[in-house]
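Q: Note that the protein sequences, when read in sequence, are chains A and B.
Just so you know, we're using numbering that gives the first Met the number 0 here: the first sequence kicks off at 0 and counts up by one.
Just so you know, we're using numbering that gives the first Met the number 0 here: the second sequence kicks off at 0 and counts up by one.
To be clear, the hints were calculated from the coordinates, so they are not data collected in a lab.
These numbers were taken from a predicted model, which means no experiment stands behind them.
Please note that a few of the clues may not be correct.
Identical copies look the same in the list; a pair holds intra-copy or inter-copy alike.
[To be verified] Cross-link-like lysine to aspartate or glutamate pairs, in silico, EDC-like; alpha carbons within 16 Å at most:
#1 LYS300 x ASP200
#2 LYS300 x ASP199
#3 LYS359 x GLU303
#4 LYS312 x GLU292
#5 LYS56 x GLU292
#6 LYS300 x GLU266
#7 LYS221 x ASP192
#8 LYS56 x ASP250
#9 LYS127 x GLU13
#10 LYS359 x ASP338
#11 LYS312 x GLU266
#12 LYS8 x ASP285
#13 LYS33 x ASP87
#14 LYS312 x ASP87
#15 LYS300 x GLU249
Protein chains: 2
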Amino acid sequence: MIEDVPELKTAVIENFGTPCAVIDLDVVERNIEKAQARCDNAGVANRPHIKTHKSPKLALMQMAAGAQGITCQKLGEAEVMANAGITDIIIATNLLGASRSGRLAALQRRLPLKVCADNPVSLTEYSKAATQAGRALDVLIECDTGQQRAGVETPAEALALAEIIKADPMLNFAGLLFYPPVDGWPQTQIFHDEVIAGLDDLGLSATIVSTGGTPNFVNIDKLEGSTEHRAGTCIFNDLMMVEAGMATLEDCAFQVYTSVVSRGGTERGILDAGSKTLTADTGGLDGYGRILEHPTARIHKFAEEHGFLDLSKCNNKPAVGDIVRVIPNHVCVAVNMVDQLVAVRGREIVEVLPVAARGKLV
Amino acid sequence: MIEDVPELKTAVIENFGTPCAVIDLDVVERNIEKAQARCDNAGVANRPHIKTHKSPKLALMQMAAGAQGITCQKLGEAEVMANAGITDIIIATNLLGASRSGRLAALQRRLPLKVCADNPVSLTEYSKAATQAGRALDVLIECDTGQQRAGVETPAEALALAEIIKADPMLNFAGLLFYPPVDGWPQTQIFHDEVIAGLDDLGLSATIVSTGGTPNFVNIDKLEGSTEHRAGTCIFNDLMMVEAGMATLEDCAFQVYTSVVSRGGTERGILDAGSKTLTADTGGLDGYGRILEHPTARIHKFAEEHGFLDLSKCNNKPAVGDIVRVIPNHVCVAVNMVDQLVAVRGREIVEVLPVAARGKLV
């Protein structure tokens, strides 16, 4: 919550010190329910992306709320989630390092994974990993319809990959993975329809057609043929989501509690949270996060362990020793800095959640 | 080393996958010796800042090479280093969170620490922590001579803090901590001399006068009265140090091995290392790191797990499946992303070093 609760700040600093990464479980639960309802209302399955929280407990809460399965971005994340008992996992990227190190095969031996590819090299590696595992891999083809991120850029390329998958007994064609630009759903429909027609000619069908992204909740019912949606950030939200109109400050479940540790002159202040806590990722916004207690104080620069405040527009300036709460611009990378999240409910600390899938590079 | 060794790349990906954070121990040892020699030649003690590597083993190598002690930026880092047997530790920041959580007192009970302050609130908290510990704390006064980071901005403020320390039986005045701008050593000398004269009037003397920063090695003998220097980045170096003229690419001991996982069109490529591996910290440089195999390929943007390449100036373009090595702009924040460093010597992997002090927020 965004209400200032002095006794909660005192409890956080006395039990954990500062800086401290805190999540409000009431807000988390509300956000989980809202995402599920958005998918339910659109008639698509919910497959939350766990890259945002990297916590098995929170993933299990998403499953309990009705999610079909989860999305991971790393094999190491999938390992952690599989250990927590989650069995329906898409890993939404070309996995070359995990394939060549044998870890993909090891996990595929334990449970059937769904992996993604946008090129033949990935398919070759997947085929080897599946052979090692003794179990065919389900493969989705990643398609780029304007983001200029990963993904094949034409239906013809998608169909060429589908043919390779079809010809390989160790690979099963499982569907298509899209991450459409927010304003790019019409062209995604055209791309999708052309691929589906081509697949039909090949005798293949897409069991899964996945769309993604929290900002794309506004479009969730707009792709005819889509079967599921994967969104990550919406479990916590952040200033980027507020800026995108997808959340209010009250919907931001993650806050960094930080102490004002220094004041240099009348216009300057220093927090004990810097780029090693909040990260240098601005998400395209101005400054490095919003201080709830001092919205006109601007975090204008970071050292590794310090956040530098410009207080020139701040009538009520913070004092050394004050504890303030910062909502980061981009929560996914901020959570990725910490080994644990302190969970609160209302005015009380209730538990500590390990960010168990953090640091899983592969 | 920067020579391309295909069998080392294969060994890294087959044993660890990609991305993988690798350090070359031959280069590390050379860098440690060079820093020690620079301090020895200037007649000041060497107190390396371990924030760069966060590894007890590397800290012990620095001690074995002749370091007087170490510098930490976090109480949590000092805990890890104390557990490794290092006893002479300066924590170079205002420790409010660690004081109020009781962790400063707990460590001070085990070994006498040196802490820093630039304001009276920190001194009050230190006095309480020292009382809890049953042992007086050594305190350095942090002085700002132009960086606009932490530190008192005038000699008068420094002396006011010295008086508070003098009056408190649980605090010992230990000296002064400077981080002069590279071109700001003359004004630092003036500041220093004025404080020393005032301290003399108070009957106090500065046992330690510490300067800091790898780029400041060029100035290391320029502050009359300085007793020691703390530098962090020089153990690994990075593109910022190359840009500052403090290192060559051959002196950069840390590299991220990463796979080319996708190629979108002729001018684009994607690495499996993004902002969750290399961080969004540009260090003021263009792009997000240098690819040794393709110096004209520009990492122009990150997603969380992807680095996006502009290959338009690249004659010899990388292919999907290639493993390339990236030297980051800012190594301190890149090391802070990973739980372990794979250590190589020449053409062989020799060990895995835990980044044991990573994630110690407090």
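Q: Are the hints correct? Go through all of them and say.
A: Here is what the structure says about each hint:
| no. | hint | result |
| --- | --- | --- |
| 1 | LYS300 x ASP200 | neither (56 Å within a copy, 38 Å between copies) |
| 2 | LYS300 x ASP199 | neither (54 Å within a copy, 37 Å between copies) |
| 3 | LYS359 x GLU303 | between (22 Å within a copy, 13 Å between copies) |
| 4 | LYS312 x GLU292 | within (14 Å within a copy, 47 Å between copies) |
| 5 | LYS56 x GLU292 | neither (30 Å within a copy, 42 Å between copies) |
| 6 | LYS300 x GLU266 | within (14 Å within a copy, 33 Å between copies) |
| 7 | LYS221 x ASP192 | within (13 Å within a copy, 71 Å between copies) |
| 8 | LYS56 x ASP250 | neither (20 Å within a copy, 43 Å between copies) |
| 9 | LYS127 x GLU13 | between (52 Å within a copy, 14 Å between copies) |
| 10 | LYS359 x ASP338 | both (12 Å within a copy, 8 Å between copies) |
| 11 | LYS312 x GLU266 | within (9 Å within a copy, 45 Å between copies) |
| 12 | LYS8 x ASP285 | neither (27 Å within a copy, 40 Å between copies) |
| 13 | LYS33 x ASP87 | neither (21 Å within a copy, 53 Å between copies) |
| 14 | LYS312 x ASP87 | neither (50 Å within a copy, 42 Å between copies) |
| 15 | LYS300 x GLU249 | neither (25 Å within a copy, 30 Å between copies) |
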